[in-house]
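Participant: Okay, here's what each chain looks like letter by letter:
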Amino acid sequence: MIRIGNVLVSPGEGGVYGERMIEGCRVWDPYRSKLAALIMLGGEIDLLPDMRVLYLGAANGTTASHVADYVETVYAVEFAPRPMQDLLEVARRRKNIVPIMADAGRPGEYAPFVEAVDLVYQDVAQKNQVQIALRNAAFLKEGGRLILMLKTRSVDVRMDPKDVLRETVDALSPAFRVITACWLEPYHRDHAALVCEAVK
Amino acid sequence: MQRYWFGDVEDGGCRPADGNPASVAERAATLGVSMETFVPLDWRIAQECGFVRDREEYIAKLREVTMHLAREKIAERFRGGDAELLSMVRMLDDLDSVINLLNERAAEWYLVAHPTFSRKYRTMPARKMIAIVGRQARGGMKQVAEEIDRLYAARTALMQEVSARAFEVLPNTSALVGGLVAARLLSRAGSLEALSRMPASTIQVLGSERALFSHLRSGTPPPKHGIIFQHRRVHNAPKAVRGRVARVLAAKVSIAARLDYHRGAADPAFIREASARIDAAGEAA
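Respectively, the protein sequence lines represent chains A and B.
Under this note's numbering, the first residue of the first sequence is numbered 1, with each subsequent residue one higher.
Under this note's numbering, the first residue of the second sequence is numbered 1, with each subsequent residue one higher.
Just chain B, same shape as in the assembly:
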């Protein structure tokens, strides 16, 4: 028997599928045939079958079915929100670098325009510097400074959104390392599926690829941590135990990512035990 999208064909006989496009698509999606015994279809069978009147109708109906299936598959691939979260994190990171770039350029410009002004002996973070420029400058420089200030606001809002979304998409991972770090891990891995397939040792050094490959090539010291360094449990740990904390945290994150991918819901018992284990690793030996 040959199974085609419009029906089953056997010994010259043919059973057409139910005419409703949605049910044709539903049936066709599950076919999957073996290529060894497959005979390429001839559209005339569909005509003899009484499924269509002519070729024009054949192609039109076929297109309806394949386009319907394609739209469903696209939606399926984008579902779960990890695709959108990915775009959000990358936008956040790009915003950071753009803001930094504009900041530096604006500060440079302001210093040149005001020869007596110096940043020395004043604790002046970039944000504050931009506020001064925004108040004192005029014309284009003022406008740019105000734009940068708005970008800061956008960045803060986006950061909160990313974190909130990460808790939805990666509830277990986010509970261990926080939404932002969880989202960055996801962005590095490329997808939740990819992250869930990674070994703990890879997760531990995600984001420090340069140090890792320089280690592999020329024997420099190996990196202890990548993105997970951004989590307070790692960067607040005493230097002597930082490597151990990173290792244990990565091990728990790899389990958390698998829970997130396969189960998609927070597991309080796991989070409690994993947190306790990570805290224990942080206590000095």
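The following block holds chain A by itself, in its conformation from the complex:
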């Protein structure tokens, strides 16, 4: 990962969402992007130039555009039409993003388009986030990683976020081995990041 001073950046064409530029690189703000927050907090992840990534819940394509700056190909899945309009515009200028309009909870619908990937990155505001992750495990190569951005408030607003995290770690266990689980404080509240390895 590239840092200039202590600022996380990604190399690529700027102006996607009005991000600042430093020395020709795009500033990747941890307060806006949960993945940037995880990297700033020292999460054990690396985005490498030969990686293929399946990005579930790409939304307007802000974080997806930064990921695309680092890796070879990003398969960006988004379901809602309004953010999809933005995502298509981002993908028009970034030739390594494959935008797919589909429900991340129904991988069968987009499976014919997606190849085996090195990383599944999931950031969806759904109650059944864990099931969605498990259903998409089939796309991972052997030893591939899953980064699950757990929105504890989307799972259950009444539960203590710590309990949600514990239950999630348990629920992932047969298909994934959790490598690290950390909270994204101070950048994002009640969000946890889980870095997992696929067990095949």
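A couple of the hints might just be wrong.
Cut-off 25 Å, straight-line C-alpha distance, at most; resulting in silico cross-link-like pairs (DSS-like, lysine-lysine) [what the hints assert, rightly or not]:
(1) B:K239 / B:K224
(2) B:K120 / B:K142
(3) B:K61 / A:K95
(4) B:K73 / B:K61
(5) A:K127 / A:K162
(6) B:K120 / A:K95
(7) A:K141 / A:K95
(8) A:K141 / A:K200
(9) B:K61 / A:K141
Since the hints were made in silico from the structure, they are not lab data.
Based on the hints, put chain B in the right spot on chain A.
Facilitator: For chain B alone, coordinates are given in the frame of chain A:
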């Protein structure tokens, strides 16, 4: 057999899809595979297949197909006009609150600037007050008053547009409760599909969520009606039968919304019978 966007693969053999991007997309849209037997694809199969020469071409072709499909899906989701009608109603409601806010502020300002002026003993709706301000004031205050007047005009025009559009999008519901109320129900529900799935009891109290939840929490009297109160059949009804009218109207609206969603055309026989039933409910017992 594995079905991929570029063709079908079986026992090492491969049948590539027809090369034309539109037909590739059309075929790919209908695939939908079962994840139990699915094998993630390897792009090299497409190369061996003769579908593409290299990875660059593979990704380019794939992007062409997925972007085409995404655009079609977006258009499909926005079709039927209920998405635009939704934005129109919300704009109308926002215009209302902005106009009210500006009105009050302008009136306040005018009163302070003209200590001898009072609204008492004169029937003076806000609109008329703004007309006076527009005539008599000068400078910034005059400009603001004129702007507010223009906003009123915009609001009136938009209201007619909303109503006309509602009759297109929700012909049956609009025939029962009028275009504006139909559009507001749609806005509360979020989409025509959501409205068509609502039970009559929910439609009856749409828009009175505060009263409803205060009833559920602390046993205050339940709301009889929400948005549908704005319809003359409800608010003109004698108080004693208002609850009954609201209930019957909501029941008919829920049927109308389903007709609108699934059939999309007015059903004169239904509208006639439903109207008669609602009128009958309004007659005092």
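Participant: Determine for every hint whether it applies to the structure shown.
Facilitator: Now the hints, each set against the structure:
1. B:K239 / B:K224: The hint holds at about 11 Å.
2. B:K120 / B:K142: Between K120 (chain B) and K142 (chain B) the Cα gap is close to 22 Å, so the pair holds against 25 Å.
3. B:K61 / A:K95: The given pair, whose Cα atoms are some 11 Å apart, holds under the 25 Å limit.
4. B:K73 / B:K61: 19 Å, holds
5. A:K127 / A:K162: 16 Å, holds
6. B:K120 / A:K95: 68 Å, violated
7. A:K141 / A:K95: 23 Å, holds
8. A:K141 / A:K200: Measuring from Cα to Cα gives roughly 9 Å; hence the hint holds.
9. B:K61 / A:K141: 23 Å, holds
The structure fails hint 6 only (numbered hints given earlier).
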